[in-house]
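2 protein chains.
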Amino acid sequence: MERTTTADVEAADVREAWAVLSPEERLEGFRLLPRDEASDFFLSLTAREQADVLLGMWAGERRAWIRLLPPDDVADVVQEAPEEERDELLALLDDRTRTEVVALLAYAEDDAGGLMSPRFARLRPDMSVDEAISYLRRQTRERLETIYYVYVLDAEQRLLGVVSFRDLFSAPPDKRVRDIMREDVVTIPEEMDQEQVSQIFAEHDFLAMPVVDRERRVKGIVTVDDIVDVVTEEATEDIQKLGGMEALDAPYLEIGFLAMVRKRAGWLSALFLGEMLTATAMGRFEAEIARAVVLALFVPLIISSGGNSGSQASTLVIRALALGEVTLRDWWRVMRREFAAGLALGSILGSIGFLRITIWSAFSTIYGPHWRLVALTVALALVGIVLWGTLVGSLLPFGLRRLGFDPAASSAPFVATLVDVTGLVIYFTVALVVMHGSLL
Amino acid sequence: MERTTTADVEAADVREAWAVLSPEERLEGFRLLPRDEASDFFLSLTAREQADVLLGMWAGERRAWIRLLPPDDVADVVQEAPEEERDELLALLDDRTRTEVVALLAYAEDDAGGLMSPRFARLRPDMSVDEAISYLRRQTRERLETIYYVYVLDAEQRLLGVVSFRDLFSAPPDKRVRDIMREDVVTIPEEMDQEQVSQIFAEHDFLAMPVVDRERRVKGIVTVDDIVDVVTEEATEDIQKLGGMEALDAPYLEIGFLAMVRKRAGWLSALFLGEMLTATAMGRFEAEIARAVVLALFVPLIISSGGNSGSQASTLVIRALALGEVTLRDWWRVMRREFAAGLALGSILGSIGFLRITIWSAFSTIYGPHWRLVALTVALALVGIVLWGTLVGSLLPFGLRRLGFDPAASSAPFVATLVDVTGLVIYFTVALVVMHGSLL
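From first to last, the protein sequence lines stand for chains A and B.
Each residue of the first sequence is one higher than the last, beginning at 1 in the numbering used here.
Each residue of the second sequence is one higher than the last, beginning at 1 in the numbering used here.
Extracted from the complex, chain A is given alone in its bound form (with noise of 0.2 Å):
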């Protein structure tokens, strides 16, 4: 990133200084800032970051900065304010702005509503091309979000169509604006989750899409800058649980150490509450282990190659679920698919193994005189076992959709979890069958 004016490198330096700053010390450096380098500042801010340093100023101070966003950046600073402050900080704006805001305010975060701006570019049909510019040139005072697509609506607010500025541009004058929009316009529904529109703007490559209410009536657009930023929120959430956690919500060095702690302790716990079961599964084959200790050394490879299999299925299903590429109706395609990768994967790991144990016997006895069946042991269970943990860890994440949870907690450990119980069972049971009458 290069830049020119000196004042920008001050910019620079507030920003690179930021995360480690107090909020005292941001409200600071903020106020250091040369008035147009600030503005700039302040608007690249997250809605957290914005509210922080608002809520640090004095009222004159706040009002001059509030005004300063488009109504959908002030729902989302008020949404990020403790509950007792937003009166006063709706108090600052402007009717019209204020009107806007307790609109945007009545839909959740997460929906397209909420993402919102009520500001956009209109236009009716039976303009012509010139009217409808210097109709635009008048609308551009009022703060619009983009002028770069504008929406054809009758007299009920009612989309009819949609034409970008740059067609309206290269238009003979004299067109009606009705004979040159599209009328097969790509519109979002106001209740539609933020998940799924950023899935249409990938698909669509629109700068701006209009939402619309059930009798197709515009209540605002949604600008592909915001998608930006869900689609690396949606991805960090994802990214966490699969991790093994709720999602932090927060930037990892901003995060309160109690609430970072209290996140990760919740799913640990769980976590290690379910892995219990292994020490009561074990338990049942105490008998076996105190007479073939050697049984004993194969357990963490064996439980864990059922995790690291069953990470990767599930990986795989959750991020194919996330983006829209698989549907739940897919699940048996999947399954399927997945019961051959893991019977590929299982006889890959268990020949792995099998080679291991025959050719550490040859130089030496650790393995016993019944190397042979230890060997044949371990290669079944592994097939077995990773084959199980695939198919766990491939219809678990469909399960949790179906049931309306988020597939993404099907994490790394939570399946590692499931399949070691299960691991140990089939293992100990395929050493009974394999070695009995000789080491057990």
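These are calculated hints, taken from the structure and not from any lab test.
Keep in mind that the hints are not guaranteed to be accurate.
Pairs count within a copy or across copies, as identical chains cannot be separated in the list.
[As the list claims (entries may be wrong)] Each computed SDA-like pair below joins lysine to any residue, with the alpha-carbon atoms no more than 20 Å apart:
| # | residue 1 | residue 2 |
| --- | --- | --- |
| 1 | 263 | 351 |
| 2 | 263 | 325 |
| 3 | 175 | 137 |
| 4 | 219 | 140 |
| 5 | 219 | 103 |
| 6 | 219 | 146 |
| 7 | 263 | 347 |
| 8 | 263 | 340 |
| 9 | 175 | 134 |
| 10 | 263 | 337 |
| 11 | 263 | 352 |
| 12 | 175 | 154 |
| 13 | 219 | 189 |
Knowing the structure of chain A, use the given hints to seat chain B on it.
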């Protein structure tokens, strides 16, 4: 998504069935679409799908479709086509586009240069606003990527400033471009990695940014709609690596079975080979296990707790690094934080483990007469292992980044494997100390 015309419904049908169609069926379905629907549909496909469709067509048909694409998209399509088909595809283009595409192909696919379009709107600083608008009207015919940001260049194509079309549109007609342009332009160096480019877009909410070389000459622009794809693609790669496999680089249902198994088997086998060290480590303690079989019962519980806490820590740090929330220089801060977190989490799990063994022993004799020592061993080992897992998990991504590798490779399964071996050593060492003279 609401749509109005019936032709549209057909495009929706083709899109719906797309994933399950063979290449021939895809082409067939595509040819059934009415021409204008087909164009939209074609443009909404991924580069790989566009390449597949094109390669199935006869030459004349190919030409018509490939010429529909802007140069940056053509470059992506050519990169997706097999080596031997590339020249043939390039030969279909008009001379100017071919020159542009060949220039773009020189950039790595993941660099800013590989993302950019060379067709941007440009102005000279001394034009009046009125002249600028009619000059732009002429440039529009050349299928510019966007007219919404216009770059002001000197005679050597060096960047002087930027003016949004919107500013131009609302400025007095006789002002000079020089007087309304912004000079502090955020630029992207041509060799910057696409993940960093997407971070800059997330920071500044621009629709487009100019890509410049070392002399500040503008080579092209990157638009935000391409960034949505980049963010999604990078997140998918990271998520798949975190699941303990190579990134698939293709949708789950589209990648060939063998290619998928290969990408999974590599890591799975590597992890398996690493995990074999657990058998060696357990072998070292075979005598202790034979004397106190009760120790073996807790092995899965102990090692999985280390793996789970490591997985949480590495996931957090990897994502924070990917988003730029944390940089290499923060490793010491992160380590201090994770040391405290690991100690807290270890104490929680240790307490639960101690309680569980104590309570069970009140009602049964499963853990023998020395259950107090068993409980103490498990509790102390848990504190040590969770702390160790947390530290390894949080520092490994820094180490990988420092050595020039992708931090996302330190996946949950990888960290778990690393921690398992040391976890066993910690557990049995604690046992030797605590149980010395009684059980061992």
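Status of each hint after checking the structure:
Proximity of residue 263 to residue 351 under the C-alpha cut-off of 20 Å is restricted to the inter-copy arrangement: shortest distance 18 Å between copies versus 40 Å within a copy. For the homomeric pair residue 263 and residue 325, the shortest alpha-carbon distance between copies (19 Å) is at most 20 Å, but the shortest distance inside one copy (30 Å) is not. For the homomeric pair residue 175 and residue 137, the shortest alpha-carbon distances inside one copy (18 Å) and between copies (17 Å) are both at most 20 Å. For the identical chains of this complex, residue 219 and residue 140 are intra-copy neighbours only, at 19 Å inside a copy versus 31 Å across copies, given an alpha-carbon limit of 20 Å.
In the homo-oligomer, the alpha carbons of residue 219 and residue 103 lie at most 20 Å apart inside one protomer (10 Å), although the nearest pairing across protomers, at 44 Å, exceeds that limit. In this assembly of identical chains, residue 219 and residue 146 lie within 20 Å of each other by CA distance solely inside one copy; the values are 15 Å within and 26 Å between copies. When the C-alpha separation of residue 263 and residue 347 is checked against a cutoff of 20 Å, the pair qualifies only between copies, where the shortest distance is 15 Å, while the shortest distance within a copy is 38 Å. For a Cα distance limit of 20 Å, the shortest separation of residue 263 from residue 340 across copies, 15 Å, qualifies, whereas the shortest one inside one copy, 37 Å, does not.
In this assembly of identical chains, the alpha carbons of residue 175 and residue 134 lie at most 20 Å apart whether taken from the same copy (14 Å) or from different copies (19 Å). For a Cα distance limit of 20 Å, the shortest separation of residue 263 from residue 337 across copies, 15 Å, qualifies, whereas the shortest one inside one copy, 35 Å, does not. For a Cα distance limit of 20 Å, the shortest separation of residue 263 from residue 352 across copies, 17 Å, qualifies, whereas the shortest one inside one copy, 39 Å, does not. In this assembly of identical chains, residue 175 and residue 154 lie within 20 Å of each other by CA distance solely inside one copy; the values are 18 Å within and 37 Å between copies.
Taking CA atoms no more than 20 Å apart as the test, residue 219 paired with residue 189 passes inside one copy only; the shortest distance there is 10 Å, against 39 Å between copies.
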